Amino acid sequence: MMDHSKIEKNLGLMLVMVLFAISIGGLIEVVPLFFIQGTVEDVKTAEGIKMVRPYSPLELRGRDIYIREGCYLCHSQMIRPFRDEAMRYGHYSLAAESQYDHPFQWGSKRTGPDLARVGKKYSNEWQVQHLIAPRSMVPESVMPNYPWLLASELDYSDVGDRMGALRVSGVPYSTNKAEYDQNVKDFGADVAKQLHIPDSQKNLIEQAQAGNFDGNAANVSEMDAVVAYLQVLGTMVDFSKLDNDSFVKYR
Amino acid sequence: MSQGNTQSQGAQTTGHVWDDDLQEYNNPLPSWWLWAFYLTIIFSITYWVLYPAWPMGKGFTTGISTITYKNDKGVEKTTHWSTRALLMKDLQDAREMQKPYFDKVAATPFDQIAKSPDLSNFVASAGKVLFSDNCAACHQSGGQGKMAFAPNLTDDDWIYGGTYDKIQATVANGRHGIMPPKGGADLSDVDMDNLANYVLSLSGEPSDSAKAAVGNELFHGKATCFSCHGADGKGNQDIGSANLTDKIWLWADVPGAGSADKKVAAVKAVIASGLNKGVMPAWGGRLSADQIKLLTVYVHDVLGGGSKK
Numbered sequence: 001m002m003d004h005s006k007i008e009k010n011l012g013l014m015l016v017m018v019l020f021a022i023s024i025g026g027l028i029e030v031v032p033l034f035f036i037q038g039t040v041e042d043v044k045t046a047e048g049i050k051m052v053r054p055y056s057p058l059e060l061r062g063r064d065i066y067i068r069e070g071c072y073l074c075h076s077q078m079i080r081p082f083r084d085e086a087m088r089y090g091h092y093s094l095a096a097e098s099q100y101d102h103p104f105q106w107g108s109k110r111t112g113p114d115l116a117r118v119g120k121k122y123s124n125e126w127q128v129q130h131l132i133a134p135r136s137m138v139p140e141s142v143m144p145n146y147p148w149l150l151a152s153e154l155d156y157s158d159v160g161d162r163m164g165a166l167r168v169s170g171v172p173y174s175t176n177k178a179e180y181d182q183n184v185k186d187f188g189a190d191v192a193k194q195l196h197i198p199d200s201q202k203n204l205i206e207q208a209q210a211g212n213f214d215g216n217a218a219n220v221s222e223m224d225a226v227v228a229y230l231q232v233l234g235t236m237v238d239f240s241k242l243d244n245d246s247f248v249k250y251r
Numbered sequence: 252m253s254q255g256n257t258q259s260q261g262a263q264t265t266g267h268v269w270d271d272d273l274q275e276y277n278n279p280l281p282s283w284w285l286w287a288f289y290l291t292i293i294f295s296i297t298y299w300v301l302y303p304a305w306p307m308g309k310g311f312t313t314g315i316s317t318i319t320y321k322n323d324k325g326v327e328k329t330t331h332w333s334t335r336a337l338l339m340k341d342l343q344d345a346r347e348m349q350k351p352y353f354d355k356v357a358a359t360p361f362d363q364i365a366k367s368p369d370l371s372n373f374v375a376s377a378g379k380v381l382f383s384d385n386c387a388a389c390h391q392s393g394g395q396g397k398m399a400f401a402p403n404l405t406d407d408d409w410i411y412g413g414t415y416d417k418i419q420a421t422v423a424n425g426r427h428g429i430m431p432p433k434g435g436a437d438l439s440d441v442d443m444d445n446l447a448n449y450v451l452s453l454s455g456e457p458s459d460s461a462k463a464a465v466g467n468e469l470f471h472g473k474a475t476c477f478s479c480h481g482a483d484g485k486g487n488q489d490i491g492s493a494n495l496t497d498k499i500w501l502w503a504d505v506p507g508a509g510s511a512d513k514k515v516a517a518v519k520a521v522i523a524s525g526l527n528k529g530v531m532p533a534w535g536g537r538l539s540a541d542q543i544k545l546l547t548v549y550v551h552d553v554l555g556g557g558s559k560k
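Line by line, the protein sequences are chains A and B. At position 30 of the first sequence (counting the first as 1) the number is 30 in the numbering used here, and the numbers step up by one without a gap. The number in the numbering used here is simply the position in the second sequence, starting from 1, with 251 added.
Hints in this document: simulated from the structure, not taken from any laboratory. Since the model is a prediction, treat every value here as computed from it, not as a measurement. Beta carbons: idealized from backbone N, C-alpha and C, even for Gly. Treat each hint with caution, since some may be false.
What the hints assert, rightly or not - One side only, chain B facing chain A, incomplete, derived with CB under 10 Å:
1) Y320
2) H331
3) L338
4) A401
To be verified - Stretches of chain A that chain B covers, calculated by requiring three or more beta carbons in the stretch to come under 8 Å of a beta carbon on chain B:
5) 34–48
6) 88–102
7) 114–122
8) 125–136
9) 235–247
Work out the full structure: start from the sequences and follow the hints.
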């Protein structure tokens, strides 16, 4: 046994032991989740392709702007497994659906509705108009106007670096042929192309022009990115192909 | 100041002594507190036995409490307690409570629903909730629509048809009306001016009759407007080309234009730019067939304006 007075008279030692003591609770809660099978659900199509994929370069930039503008302060992205939420928002969120989110956008405050499944719910036109002037679409809304999203050109010069940073934290963006081939196996060829870092700028411009999210095909605006991001939220897992209790077994 | 010492005589202390005589009383906790504490321990042990609790390698202790539910395929399953299984049970209970109504709505032909007070009440209240959550953002909360954005659903003017079947198809599969810029023809500014006057004349709006006469020629000739809007200008519900002969406008804000000139300008702008922004999303993947039928009846009967043919 260590003598009580030794700890109390040695500030450094006490600090270490205090930190250890208060992290026990957190460690017990978190560490087992890394080992329990099915914490992150395995969601694959019949052909063995993973349904949840990392964001495309354009969607990723949209997500960055979503974070920059603080949308998460009013919007959660986490549908809890309760009946009222299922009725309003749809299927509860899976852990798998935010596995590539660093940091995740679950949130804890809902001034506005949950956005976890807002993708494809409205048209691009609605999203653009609503972001510029929410009260023009929903008269009683308290959401702020974001007119500059449409006016600002998207800076995508560093999108490759941003993907590279996420790659370090485990998101399977590819830098070489071997990684690319693995992505083709996991996600299919179309998605694998989007995840290849050397092509990121080219892919971003292509998606923005093909999708024309902001109604102006000539430029790539921040609006293009944000709407591309909003329109993909919650749409990767095709629940219509699964029984409604497919994910019960994971808990 | 030193009188305090005398009190310590005989009282229980923790046994720690500092600076020769500084001691600490040992006041036992009140017994109600202690018992409450023991109770929380008993509670947590009971909890561990009943519910999922302790991680064990790749799994966890599931507890002995179970939940039995039926999934959407009607397969009955029993599993250890979890919030996800509990939701399945909640949804099943709710389904069973609403089932008689949904079953009746599903089994009753569209036009009979309004005749049953019970069913039409159900459609009005459940339909309103669905409409507010999903449709009001575009069609506005009363279904009155929004100029240059989404059509009014309360009037009897239908772009894609106002029968139950047409409305159901619209809601389930979505719609996207497309008109190419200048109707796809090679039109000069003067051409478009003449066309705009003709289009306005169709619904009795103020227009320049000389220009409208030239526009008439163009509409049925080189500008090929008739191929989509029909020779009579009444539109075609299969492609959602607007009826230009009524006073109801969705894209050209004619009613909001203050002067005859501004009305011409509004129509001209639509002809010049074409239309591609009328996107009604498809709800077939997001809402169930029951919910879509309910919304169809809600739009047709409750918002009003639904047509027989």
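Hints versus structure:
1. Annotation: interface hint on B/Y320 holds; nearest CB of chain A at approximately 7 Å, less than 10 Å.
2. Because the smallest distance between the Cβ of B/H331 and any Cβ of chain A comes to about 9 Å, under 10 Å, the interface hint for this residue holds.
3. Checking B/L338 against chain A by beta carbon gives a least distance of about 4 Å; that is within 10 Å, so the hint holds.
4. Residue-level restraint check for B/A401 holds (minimum Cβ-Cβ distance to chain A is 8 Å; threshold 10 Å).
5. For the stretch 34–48 of chain A, the assignment as covered by chain B holds, since 3 residues bring a beta-carbon within under 8 Å of that chain's beta-carbons and 3 suffice.
6. With 3 residues bearing a CB less than 8 Å from a CB of chain B, the stretch 88–102 of chain A meets the requirement of three and the coverage assertion stands.
7. Here the stretch 114–122 of chain A counts 3 residues with a CB under 8 Å from a CB of chain B, which clears the bar of 3, and the coverage holds.
8. Check result for the stretch 125–136 of chain A against chain B: holds, 4 residues qualifying (beta carbon to beta carbon below 8 Å, three or more required).
9. Given as covered by chain B, the stretch 235–247 of chain A passes the check, having 5 residues with a CB less than 8 Å from a CB of that chain where 3 are the minimum.
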